[in-house]
Amino acid sequence: MPEQPHEPEGAIAGTGMGATMDLGASEAATLERTPAGPRGTGPAGKPRSLWSDAWRDLRRNPVFLLSALVIVFLVLISLWPSAIASGSPLQCDLARAQDGAGPGAPFGYDGQGCNVYTRTVYGARASVTVGVLATLGVAVTGSVLGALAGYFGGVWDSVLSRITDIFFAIPVLLGGLVLLSVVTSNTVWPVIGFMVLLGWPQVSRIARGSVITVKQNDYVQAARALGASDSRILLRHIAPNAVAPVIVVSTIALGTYIALEATLSYLGVGLKPPSVSWGIDISAASPYVRNAPHALLWPSGALAVTVLAFIMLGDAVRDALDPKLR
Amino acid sequence: MTATTEPILEVDGLVKHYPLTQGILFKKQIGAVKAVDGVDFTLYKGETLGIVGESGCGKSTVAKMLCHLERPTAGVIRFKGEDITRLSGRALKAVRRNIQMVFQDPYTSLNPRMTVGDIVGEPYEIHPEVAPKGDRRRRVQELLDVVGLNPEYISRYPHQFSGGQRQRIGIARGLALRPEVIVADEPVSALDVSVQAQVINLLDRLQSEFDLSYVFIAHDLSIVRHISDRVGVMYLGRIVETGRDAEIYDHPTHPYTQALLSAVPVPDPEARDHRERIILTGDVPSPTDIPSGCRFRTRCWKAQERCVREVPALAVPDVFRAVSGPAAHDSACHFAEERQVVPAEGEHGNGPG
Amino acid sequence: MLLEVRELQVEFRTRDGVAHAVNGVSYAVDAGETLAVLGESGSGKSVTAQAVMGIFDMPPGRITGGQIFFQGRDLLKLREEERRRIRGAGMAMIFQDALSALNPVLSVGDQLGEMFVVHRGMSKKDARARAVELMERVRIPAAAQRVRDYPHQFSGGMRQRIMIAMALALEPALVIADEPTTALDVTVQAQVMDLLAELQREYRMGLILITHDLGVVADVADRIAVMYAGKIVESAPVRDIYKAPAHPYTRGLLDSIPRLDQKGQELYAIKGLPPNLLDIPPGCSFHPRCPMAQDVCRTDEPALQEVSDVRGSACHFWRECLHDRDH
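Protein chains in written order, with my numbering: chain A, 1 to 326; chain B, 1 to 353; chain C, 1 to 327.
Please keep in mind that the hints were generated in silico from the structure rather than gathered at the bench. Be careful, since some hints might not be right.
[Unchecked claim] In silico DSBU-like cross-links for lysine-lysine, where the CA-CA straight-line distance does not exceed 30 Å: (1) B/Lys-45 - B/Lys-80; (2) B/Lys-80 - C/Lys-263; (3) B/Lys-93 - B/Lys-28; (4) A/Lys-215 - B/Lys-133; (5) B/Lys-93 - A/Lys-215; (6) B/Lys-45 - C/Lys-243; (7) B/Lys-28 - B/Lys-45; (8) C/Lys-243 - C/Lys-271; (9) C/Lys-263 - C/Lys-243; (10) B/Lys-93 - B/Lys-45; (11) B/Lys-28 - A/Lys-215.
Work out the full structure: start from the sequences and follow the hints.
Here it is, written out as structure tokens:
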């Protein structure tokens, strides 16, 4: 397995911090807001930003380290699956259908005689692509719309709030079955598009609330008193301070998008063969579960671990960015 | 700093009402919070005008309107004779350079994601004509030095500073554009006692150094007296009494001012037994439902029938019109009379020092 | 003595290290006496009071030494259950922010009455009647009607009266008021302080008044303890301290109050910044800001020395401070 590019460096630097117990901002507040001179300069004498504080929290969090390890591995195999799996996931030999483990096929063969190991490795690509792109789409659409509504308020805010209410009322699976069954494309795009369509209201609601809270800070008033333009206030002052909840919600949602992709593919409206996806494999393997349980277990195990890793990452990020939510 | 008679800021009939609405999509107005309800004052070049009042009296809303952070419902603000109330776009931006604000809470008035250099330098990015790009860092360091901070702190973040230091950073930002007027809204009330004096001294020094005029808003009467040339007392959205500092503090004629002054705890235990205190009954009425006539009458021990019917004007009361003396200053009371509530200077001398 | 705190030490663990919030504080309060604990933020004045009440969170807080005797018993040796019985009935606390100290979803009558139901086993009906009585006692107009109202329906001053009523409900021997009037307006502040002083006289309670306001202290306190960096630096009867402070920090605080004869001049200001509790200066913790500091102050920590039989000062040069009236 290739080395992860930045992880070890962080872990080593973290040990230099001393073994003090972590204390959330809320608890520290009971300390009568300790005033102090210029302080908190890091060990190298460099001033720390709040982001580097969060980073310092993260790299000492075992939950983060574990989930990050799994995720880095997943990203690498979805970029270069051939590095650890030989052959093609579409190269199947019916003669080997439902066979157990053998040379070159540690996970055995499925009902169509395809190599389960190869298919599981290649299946990561669909999950990671859908998860990451859907999350990006949702985060960008949702936070832009939510931030604009929260910042400008007025009629657009009311209209947007009603629209999000309508979207919240749409059942995800039913919506997916209806909307995606009319699509014939065999790429990941319809699935991603569907997730963005149903996912943005959640993020926009979070972003809107966060922007409204940040907007009330005096530093926003101060920028306005200086004559700063709306775009400057939004980008320089509000966005950096309002983005944390959006990041937290998006990271946690990433895991559920991956699960949703598998579910939709299982139901036959997500990705369709010859695409390779854990959902398709789980669907195909379920009729033979008595004869060839391995064909079901490996892709569903991979799916479970992936979803769990992203949810754990989301938890760790939330702890680091917003100790009050703990 | 000596004040001149050249007005720099004139405020005339300033009103701010916040509508109270009901309904989700179609909003219906059902009333209004009358935060500021007709305020007039003039700020002369080089002077400090103190505005005192209790919470909810509208003093902070006045500050926001002066800095164009709120749009007045009615009334006019003139800067050097020019009506700036309804400016927008480029003209507004130009005026803003001249009126800057210092905020109350040094913990929320600085963006936690920006370095001190970015915070103090931001005015130059918004008004690039003030300082060429290459010169900005030097100017920011100069400003930090002026407000008593180490110029090397330029790349630190606000959370690395104490409250008093943060307030200095806020003051440096306010000074960057070389404004002529600074509106300070409770600039020291969030600070520790030992640090308050440092910041007051700094503001005092900057006033003479940079030829500034201050509107100084606070609830601490002794600090306002120390720094102000003239004082206006606000109650429920209006100025009820205004005059030179000695006129207000030593010769108050409005009953609210008298009660306010007498309620201030005096740091002298010897005075506690023979001090006359006016304890007002009840609370300040809601700004959505301001009493008719004189707005102070519901808590006033002198209130009579006339106070219910007739709004008292802010002018020199009839009884004092003939005399000239410190009692003859503007006071919005039908039954204004002089009453000394703060021990005179001689009796006050037994503090340490 | 009603309450005696001896050599109390409290620390907090923070992500940047250990904050020494209270470093050997001793004070005593008698029945009917008002002790003002004066200090700035971070001086440890509130943390000491919270330790006496037993209400701060552990962890991150930790009491590392000292004793707290209340009516002869060391509170720190009692079980949590016994301490709970003392809270409310034996000692009570009034907080700065009444709105967050009162439960927003219960009517004030229910909250006041609960004290009698829990501690005295009264029926709900009797408790309600006592609640109305208490509200009348703290002069809330139309108490019988307003007893069903919720905290947000009262003004700030009225809410603080309700807090006082709650604290006094079981007639505790000791009341700790932590900045009780800081959040209130001056005119309302005077009403509330007057009420508190009157009730204290009536019930002969011991009162610890925690504040940063020298004016409030002068108005109501009998004795005063000045705290700095988690220590008491000066302790004296209130008149003595205002006449002639025996610690340079106290003197600095008194001198920085704007006075009439100083108008137009620079205010006296204590130089420097309040100490960082993570890194308290060695020797006398006030020495970096002190105009009288000598070499000995940088190395030797001054103990609280006896100035007279009723006052003490933790300054090597308290004599000079006491006599040197101009600096």
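Identify every previously stated hint that the structure contradicts and give their numbers, smallest first. 3, 6 and 7
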